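A.B. asks: Below are the chains, spelled out letter by letter.
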Amino acid sequence: MTLIGGTLRRLLATGAAVFAVATLAAWLTLSAVWPRHPVTVRIRWTPATTDNQRADAERRFHLTSGRLDEGTTWEYRLTDPSTSNIRALVLHGAVDDTAHLNRLRYRPEFAQDRSRQLPAAAVATGAFGAIAFVLVTRRRRRTVAPPGPERPLPVVDDWTAPESGPAARRQERLWSLAVLGVAAPLTIVLCTAMWRTPYPISETVSLLEDVEIAQERSLLSFFDPTARSWYRPLYHLTWSVLWRGTETQSTSLQAFKLFQILSAAVLILLLVRCVRPRTAFDAAAAAFALAVLVGMPGFRDNLELPLLMTLVGMPIALMLWWLMERPAAWWHGPSMVVLVLVAIGFKEQGLVLVPILLVAWWMGAPGVGRGTAAAVTAVALVYLTVRFGAAGSWRPFEQDVGLGFQVVAADDAFERFGAFPWWLYAYNAVSTAGNILFSEPSNGRFLTIRDALQGTIAPWQVNHVLSSLALTGLIAWWGVQVMRRDRGCAWSPESRVVVLAVIAVAASGTLGFNYARDRLGGMSVVFYALAAFHAVRAAAWRLTPPGTSGGLVVGLFLLAAAWQIRAVGTIEDVRAASEASQREWITALASRRADFADRTRYLRILESMAGQGLDPAAARRSTYPEWAASLLGEQ
Amino acid sequence: MTAPDVDPVNTVPRAHLVTWLMAAPALVGALGLAAIEGGGLMRPASPLTAPPPGRSFADTLRNGSVEEAYAHVKAGQDPNAPLPFRDPDLTAGREVMVTPLLVAVAAGQANTVMMLLSFGADLDAPGNARAACLADRLGHDDIAAGIRRNGRPLVDVPCDTRPPESGPRLLSFLD
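First to last, the protein sequences are chains X and D.
According to our numbering, the residues represented by the first sequence are 35 to 669, in order.
According to our numbering, the residues represented by the second sequence are 2 to 176, in order.
In short, the hints are calculated from the structure, not lab data.
All values derive from a computational prediction rather than experimental measurement.
There's no promise every hint is true.
[To be verified] Heads up, incomplete: computed chain D residues facing chain X, CB under 7 Å, no partners named:
no. : residue
1   : Leu22
2   : Ala27
3   : Leu34
4   : Arg150
5   : Ser173
Think of the CB as a built atom: it goes at the ideal place given N, C-alpha and C, for glycine as much as any other residue.
Make a model of the complete structure from these sequences and hints.
C.D. replies: Below is the structure:
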């Protein structure tokens with residue numbers, strides 16, 4: 035009885051979960067694809083209504099394609115079926131009666147009301163999915179023989195394992211090259227698009243003006259923690275070195291762009307190096323992980339010129355992970371400390387590496403010694419002491435803040451939350467973490483939910499949210515499996531990836547407390563991609579025995595396809611940024627010349643950069659068919 | 002619990018299928034990108050990579066993007082030279098000679114107005130002096146402010162403060 039009750043409870047719980055997920059998926063999908071037609075309505079105007087009054091009312095209430103039916107009754111196409119518009123129409127003095135409108139709810143009749151049909155269809159789909167799942171599950175229980183001993187989840191062997199011999203290394207090189215070959219078109223096209231992207235006026239010209247002024251004083255001025263509320267001395271130093279070390283300004287701009295492109299390319303190469311594919315099976319999972327890396331908002335947002343600060347830290351995170359998992363060597367410690375210093379020197383987000391390294395040491399990563407952990411802790415403490423020592427000049431909110439569906443200007447945020455900013459700080463931190471895990475919210479704003487509520491959600495938004503939800507769920511499932519497997523044993527490299535991914539997401543969120551931006555999740559993107567490799571590999575392994583659900587195999591394929599679409603969308607996103615940057619040069623030159631007429635240095639840099647800004651060879655978006663463009667991204 | 006020494010594709014039933022399904026999107030993506038981008042390099046007029054077909058400067062100022070309008074200026078079109086312009090809404094279908102700046106203002110193309118001011122449109126040139134007045138009359142406050150701020154005319158032209166007459170917007174202003 036208890037067994038039956040337990041089985042029933044499990045079945046009901048699983049059915050309810052399937053219902054919820056299927057309903058949500060159907061709702062998001064239908065919102066994107068369900069066509070919106072104008073509502074056909076009939077209106078009987080009062081006899082006293084003149085032609086002019088009727089024409090005014092038609093314009094006001096968005097009544098188009100009017101056709102006289104009989105007497106004073108007209109048939110129209112209502113293009114604004116919002117409740118407020120219908121309420122105003124129904125209650126208008128010139129309107130005697132209406133047809134095809136619900137006069138109590140102020141909505142179109144159900145047969146024409148997309149906003150009511152859509153949730154009904156979503157719920158029906160969810161119910162159908164849940165019932166089908168329950169029936170299929172019950173049928174399988176009756177027909178499939180009891181499973182044998184569960185096949186173990188294969189472990190990715192560590193660097194010290196005895197089987198890492200020459201043959202294994204040959205296999206590794208072979209499959210790494212195969213993955214890089216598959217990734218080559220994506221990487222090359224992405225890098226080419228970045229190379230052909232002009233620097234924007236905003237961000238760049240003022241930045242270079244600052245660099246010029248600072249280097250006339252002393253290079254040490256870049257290291258002054260009181261100069262600004264942000265502290266990126268190595269970023270400014272890089273600009274300064276390139277500015278001085280190259281013969282022309284054009285060359286220094288190109289060198290900096292090359293540095294940014296190389297950071298992205300090295301990141302892709304390093305991911306393949308770190309996952310060490312040794313079989314076709316691993317190589318397929320590695321190709322999946324690369325698509326995840328390139329398709330994440332945290333990667334995409336960090337490609338923006340000239341903001342390479344976090345993009346430098348991302349390959350450094352992978353280098354650290356690679357060093358941590360290798361057998362200890364004398365040079366590991368100093369190298370790790372230098373890498374952490376470089377990442378922090380480019381941007382505060384480099385601090386994410388400190389808890390990563392400490393937790394890796396605590397979990398027994400072979401390449402991290404106690405001395406390294408102590409040195410990195412000391413570096414972090416000194417850094418935080420220096421930064422907080424100069425915190426008196428910080429404003430509570432440095433930039434505009436996304437909140438709910440809105441953007442709150444920094445000054446308004448200070449007015450509203452300045453007395454007790456901690457709630458908003460917590461919101462920003464959770465938003466950054468949410469963007470990494472679910473692709474929503476974006477920059478602190480729940481735009482996908484807003485668009486779904488308004489019925490204007492786009493296919494790319496559905497793809498981003500659903501693929502992130504599914505992958506994060508898969509990673510969570512794999513993480514639980516790995517932690518259970520390793521309970522009571524030494525931590526494996528995989529269990530360290532699980533914990534480090536969680537730490538990276540939490541630390542990225544915490545460091546994004548002041549304002550939420552997609553790019554602030556950059557440091558955790560690499561650990562998310564590593565976890566994705568292991569999770570999808572484990573899931574695929576589970577699906578290999580005959581008799582496992584074909585639906586799950588198809589689901590894995592759809593997930594891989596969804597992330598591949600996101601990765602290609604990143605290219606179009608870079609091209610859209612290129613167009614936006616060039617548009618700024620085309621339209622804003624006159625206003626910048628007028629606004630900065632008294633700053634000769636600014637004007638000189640502005641004029642000297644105009645050539646690259648107006649270059650007709652700048653990257654342009656591809657003119658894909660509409661359905662493909664809507665799937666690749668907003669742009 | 003070590004990783005398989007032998008590729009599971011060769012040893013585990015159904016691993017072939019799962020591996021191919023996992024890798025298929027990446028392979029299709031790679032081949033598709035190579036074909037599209039390679040095709041774009043070989044044939045610059047590829048429909049996926051080529052810019053939209055050109056149209057006249059006047060039509061571009063009225064209906065086109067700022068990038069298209071800039072391409073005309075970059076190709077040598079004088080931003081101060083009056084051009085023949087006809088539009089059912091703005092001129093009731095009558096052809097008039099009018100400067101590009103006035104066309105862009107009448108069409109409410111703020112970006113194009115700013116582009117013309119950036120690339121040679123002169124408010125002291127004949128025909129352009131009253132561009133801000135036209136923007137005022139049409140209620141394009143942002144365009145009017147942008148012209149006054151960025152155009153820097155030598156002589157400020159007073160605007161006619163009479164209420165606008167009904168009829169085609171640009172034609173009634175020119176009359």
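A.B. asks: Each of the hints needs a verdict: does it hold here or not?
C.D. replies: We went through each hint and held it up to the structure:
no., hint, in the structure
1, Leu22, "holds, 4 Å"
2, Ala27, "holds, 4 Å"
3, Leu34, "holds, 4 Å"
4, Arg150, "holds, 6 Å"
5, Ser173, "violated, 21 Å"
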